[in-house]
Amino acid sequence: MNEAPKTVRQVLADYSKSKGYGDDDDILTEILTEGKTVYTDPYIDMHRWYGIQNVVNEIDGVFIMFSDYIITGDNGMGDMDLSYDLDSAKIVTRKERTVIEVYYE
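In this text, residue positions in the sequence shown follow my numbering: the first is 2, and each later residue adds one.
Where hints are given, some of them may not hold.
Claimed, not checked - Computed beta-carbon distance windows for the label pairs:
hint : residue 1 : residue 2 : range
1    : Tyr104    : Thr34     : 37 to 45 Å
2    : Gly52     : Val100    : 42 to 50 Å
3    : Thr8      : Gly74     : 31 to 39 Å
4    : Val103    : Thr73     : 32 to 40 Å
5    : Gly74     : Thr41     : 16 to 24 Å
6    : Asp15     : Tyr40     : 42 to 50 Å
7    : Ser19     : Glu102    : 37 to 45 Å
8    : Asp26     : Arg95     : 48 to 56 Å
9    : Arg49     : Ser19     : 38 to 46 Å
10   : Asp15     : Gly77     : 42 to 50 Å
Calculated from the structure, these hints are not laboratory results. Built from N, CA and C at the ideal position, the CB exists for glycine as well.
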């Protein structure tokens, strides 16, 4: 039988428990946002006081894409009622491609 794929929450909770931490949303969010960043999308959706950028972090060998905030002013995320949404994060697969560049000398 095939096992159902894990959700982002399950991956984060399993990792958290393996380190002896709890599994509430604040801890899971911190684990995700403090993970090893392996990709940052060059496109930033700019708003007045912040930008939103897709980031992929590696957590225990699993690649998770989520929307990260770039704060441009003096306020923090809480001051602007911004928060991370674990339910919109998704597990992604690393893929490679070769690009051929044509040039003339």
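Tell me, which hint numbers fail for this structure? The structure breaks hints 2, 6, 8 and 10; every other hint is satisfied.
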